[in-house]
Amino acid sequence: MILPINIQIFYFLYTALAGIIIGIMFDVYRILRGFNNPNKFITAISDLLFWILAAIVVFIFFFHTNNGELRYYTFVGIIIGIFLYFKLFSRGILKTLRFIIYYFIKFIRILVILIFYPIKLIGYGLKLMKYEIKKYIVKVFKNKKFIFKKEKEIR
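Under the UniProt record's numbering, the first residue of the sequence shown is numbered 1, with each subsequent residue one higher.
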């Protein structure tokens with residue numbers, strides 16, 4: 001079935017948008033992978049998961065725009081979208097995402113400190129109380145032994 005040119009242009013632009021979304025996904029993946037520097041096996045698994053997710057995105061775009069019909073300009077649109085994203089937007093998006101993730105992690109660390117610092121203080125206080133009670137009990141029983149020794153010596 002021959003589609004009007006304006007519909008084909010719409011499909012092309014929509015698939016270019018899919019390429020841009022895949023580029024954004026790849027940048028997010030690069031940032032997240034850069035935080036923990038995984039070994040080869042985890043890298044292979046995460047790469048596979050990324051490409052499965054990218055294929056799902058492309059699949060959804062194909063079915064949403066042109067009922068899953070695969071035409072050459074749809075693949076060209078995805079490739080051009082990815083290319084445009086990496087040439088025009090990737091550097092700025094990477095800086096922004098790193099900034100957001102850096103301050104998000106910093107916020108989470110502060111939140112953890114605010115939550116666990118009082119618990120740590122309570123634990124320290126309990127440990128100090130335990131030490132003082134133990135010291136007092138030892139002192140009491142030490143004196144008792146001394147008292148019992150005196151009573152035995154008197155007899």
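These are computed hints drawn from the structure, not numbers from a lab. Only a predicted model underlies this, so the values are computations on that prediction, with no experimental measurement involved. Please note that a few of the clues may not be correct.
Here are the simulated lysine-lysine pairs, DSS-like style, with alpha carbons at most 25 Å apart [claimed, not checked]:
1) LYS87 x LYS106
2) LYS135 x LYS120
3) LYS130 x LYS120
4) LYS139 x LYS127
5) LYS142 x LYS120
6) LYS95 x LYS106
7) LYS127 x LYS106
8) LYS120 x LYS139
Here are the simulated distance ranges between beta carbons [unchecked claim]:
9) PHE59 x ILE105: 31 to 41 Å
10) ILE9 x LEU114: 48 to 58 Å
11) TYR117 x ARG71: 58 to 68 Å
12) PHE86 x LEU126: 51 to 61 Å
Every residue gets a Cβ at the ideal spot worked out from N, C-alpha and C, and that includes glycine.
Now the hints, each set against the structure:
{"no.": "1", "hint": "LYS87 x LYS106", "result": "30 Å, violated"}
{"no.": "2", "hint": "LYS135 x LYS120", "result": "22 Å, holds"}
{"no.": "3", "hint": "LYS130 x LYS120", "result": "15 Å, holds"}
{"no.": "4", "hint": "LYS139 x LYS127", "result": "18 Å, holds"}
{"no.": "5", "hint": "LYS142 x LYS120", "result": "32 Å, violated"}
{"no.": "6", "hint": "LYS95 x LYS106", "result": "16 Å, holds"}
{"no.": "7", "hint": "LYS127 x LYS106", "result": "30 Å, violated"}
{"no.": "8", "hint": "LYS120 x LYS139", "result": "28 Å, violated"}
{"no.": "9", "hint": "PHE59 x ILE105: 31 to 41 Å", "result": "33 Å, holds"}
{"no.": "10", "hint": "ILE9 x LEU114: 48 to 58 Å", "result": "54 Å, holds"}
{"no.": "11", "hint": "TYR117 x ARG71: 58 to 68 Å", "result": "60 Å, holds"}
{"no.": "12", "hint": "PHE86 x LEU126: 51 to 61 Å", "result": "56 Å, holds"}
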